[in-house]
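Visitor: Chain by chain, the residues:
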Amino acid sequence: MIGERSWQRLALGFAVVAAIIWLFPYAWMLLTSLKTPQELVKAPSALPGALRADAYVEVFRALPVARYLALTTVMALSIAALQIAIALPAAYALGKLDFRYRGAAFALLMSALLIPAELRFVPTFTLLSSLGLVNTLPGLVLPFAVSAFGIFLLRQALLAVPSSLIEAARLDGASELYIVYRLLPPVLAPSLTAFFLVSFVHHWNDYFWPLVMTVDESVRTLPLGVALLREQGSGVRWHIVMAGSTILSLPALALFALTQKQLLRGLGSNVG
Amino acid sequence: MKPSRPAQPWWLLSPMLLALGIFFLYPLLSAFKTSFYEWDLLTPPRFVGLANYRAILASGELLSSLGTTLLVSVVVVTGSLVLGLALALAVHRPGRVAALARSAVFSAYVVSWVSVGLLFLWIFDADAGVVNRALAWLGMPGAKWLTSTTLAPLTVALIVIWKVTGYAMVVFLSGLSALPPEVSEAAALDGAGPVSRLRHVTLPLLRPTAAFVATTSLIASFQLFDVVRLLTQGGPVRSTTVLVYAIYEQLFRDLRVGRASALVVIFFVVLALLSWLKLRAFRAEEPA
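Line by line, the protein sequences give chains A and B.
Taking the working numbering, I'd label the letters of the first sequence as residues 1 to 272.
Taking the working numbering, I'd label the letters of the second sequence as residues 273 to 560.
If you are wondering where the hints come from, they were derived from the structure by calculation, not from laboratory data.
Remember, predicted model here, so these are calculated numbers, not experimental data.
Here a beta-carbon is modelled for each residue, glycine too, at the ideal position from N, C-alpha and C.
Listed next, the stretches of chain A that the computed footprint assigns to chain B, with coverage defined by at least 3 CB atoms under 8 Å from CB atoms of chain B:
hint, region
1, 34 to 48
2, 85 to 95
3, 218 to 227
Once the Cα atoms are required to be at most 35 Å apart in a straight line, the calculated DSBU-like pairs of lysine-lysine come out as:
hint, chain 1, residue 1, chain 2, residue 2
4, A, 96, B, 550
5, A, 96, B, 274
6, B, 416, A, 42
Pulled from the structure, derived: some chain A residues nowhere near chain B, Cβ distances all over 10 Å:
hint, residue
7, 53
8, 74
9, 135
10, 168
Bound conformation, chain B alone (with noise of 0.2 Å):
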């Protein structure tokens, strides 16, 4: 359609624009010019040059938080991914107990954080817990779910699999059902079971699908901070510190603005590095 006047568009667009301009773009650069200046917040800023680009890289930090991010995050996928297609496929039918499952699995998405993570720091409780508990209760011995360096980022993961595998099966179940019926009945009519349908039929299909939920869990996993400021403060020793909490502990804890910033452009760069991979999937998928 063409707009009533030429510059139309351009008003109507002005509002999001601007928003934009003061709360995407500013915020960027900004961030950019002071990973370039040292800044408590208090005093004046001073400019350190790459200083604050290094002293990130030589004490580690970066490494290691990069490190956990990728732990949690590749866990995070890979079990809501495969947890979440499971779900898909054993609800996407009809019935009570269907609709039960899709509605509890999916109602923990939509729960705040900060219940989940209260919920599960007392349920992972090392003492009190019913995790520990129940184990002890069967003879075994307990684990530090929320207290061993090796255990608490694993623990983290596994109850963000828990919050938000219902997205990845709501997907799914609306990839399924836009899948066309006939390709599965006329296989049905060859003599497939439903286990071949399924390999090589349904699963094919859903590629893209899961080329979706996988890229945008991926990049959700590398922005969480709730949970772990909720349940471990990025401890024990470090062992939770994700990204975004390094982040959160550079300001707010250690006052240092333009180490912080810092961390935020390197944190955009990966960001932008993954969401190119997210469209690489998507181009790859597409019918040449």
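Chain A extracted, bound-state conformation (with noise of 0.2 Å):
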């Protein structure tokens, strides 16, 4: 039988050697990114000699870097952005409001989660190329206006919010409008935190979306862009696609450690 104080050795053995499986694969991109050409032929697998980045400036000859960081961060800002705007109204709405076909109108958002991008990409590529979007911003940003996790997340919250806060601000004056956009914001602040860091790191990650929906750099994302650096070139390029790659995660990575538990808070959330 096993008694508490082994177990408990078993529990942080078994700990450590999680975060070195887990942590050992980004150090191996950073050391590879840090190499030349020179020593991937030679000793692909050993520690480099001297630390270099002439990988990293490579990177940034081959990709507008700061374009495609800039574009990535607008598309998602905005997606996220037009997600908050339609959630607001539709959580308070479904979670504050009595109406007929109350339960059908959650009842089809809910069946909208059963739809991801993949399945949906077919005709909206073919609605929105006739539209004249593919290829532009609107056409990253419009098919992703409606997050059925965000408005489920907001609705959860807002069961939480007395009823009396709202009915006080009707008997102020105050216009629906007013309750959603202005008097819920703070007091969901939590919920809408995870939401907006759920929704931002998703959509600045993706690269399904913008591989289907852009043929040139116009509207490339960074994603996209990296991906593109093993397509390009000839030769030995390990060092600049792990370069790409490291540039690629440090922002989200950094984005993780700063609001760690904030994102937690909605991913942990068990949304049906």
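Combine the two chains into a complex, taking the hints into account.
Guide: In structure tokens, the structure reads:
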């Protein structure tokens, strides 16, 4: 039989092994990005002789990194803002107001959770191309206007908000729009933050939609640009590809480090 | 609460309903309709009845991509469920090591598939990759991780497990936090050791959480695309062509919109079945 002490030690040992398995690939990515092509050819798994930033210089020369970064950020921010703007009134109606067919409207929304972008892209692509929106920022943003996950999250939070708060505001002559966009956001701040972070990170990282929706440089996002690093050029390029991967993963990892608690709050909530 | 005016809820819902109509309902209905047409995006669509569905069935591509998707999904779901639970149990405690392990494992979930895909392409490279080099150093033969038809789907699944286990762990952690500590404490007072407390108290109480994790990751695994596109492009010899990748190929490589749409319709039916399974898993857990 295993006692308490050895059980604790076993758990700790397992945690250490897991940390190593999950951190090693990042270390490998960083190390590779600091090598020279000669080192990669001769001894691909040895430590680099000197730390060189040549690969990063090469990435910045091959790709308009600043432009990609700006565009990706603008896209992800636009999606998150649009999603929140639509989610607030919807969550308010679904969480606080009594009306006929509320259950049906909610069921319709929940069934949208079933339909991922990967399933919608064929007709959406032809629809957007007939509107001339392929290869434009709206083409990257509009298809994600509704986040069923976000509306669900806000609605759950609203259920805990006392109705008296809203009734008092109505008595003071507040319009419904004022209630939705001014009164509720501060009350819902933790859920809104979680919603924003989950949405921002997800779309900032997205590869699939920008891949099918862009045809040239004009609205290419950073993940797409970095993926292209592997297809360009010839010879040993792993140091360059890894430098690109590092540049791509750093902002997401930094955001995660800064907002871990709020982000986990959003993802930990069981959305049906 | 009563709405201030009867039509008010519908005004508030209208942006959501409009977007749902354009970007969810329309695409589905349109895919259904297009699945009966032959269309290459260039010339006008031509009605062909059930020909697309027949062609898909006859070519065996549906069965093979469904089989691949199922294989990868089963490995991913089992792996991330077991590993996520074990990790949650190990790091559900105060202390720096546990906190570091929590953050490290979950961080993979936050990083772009592009970074993760390229990184593992390099790590599993047959010649210069660190895995095969390490095996050689140990005197063992290397493996064709991504270039053998038998190994490639498993390597892809392994990489997906690395990426998504953090999510399973987080859900299990919130499940563990929600358990009443008294139950476990009472069992300890009764002389139950850690292993028997885990088996007879903690694990049974975590069953609803496990059902949630399993069904959620099953549905997510069926939607895999990025990892395949980045690592193997469906190969070698279609051994990693999962459903979504098959749809993507039909549309962008072969310009067969009708056939891609027919695959979308079939894919939707599969997803609906899985979600029904998910609902059932929850109903079964509810107390009668």
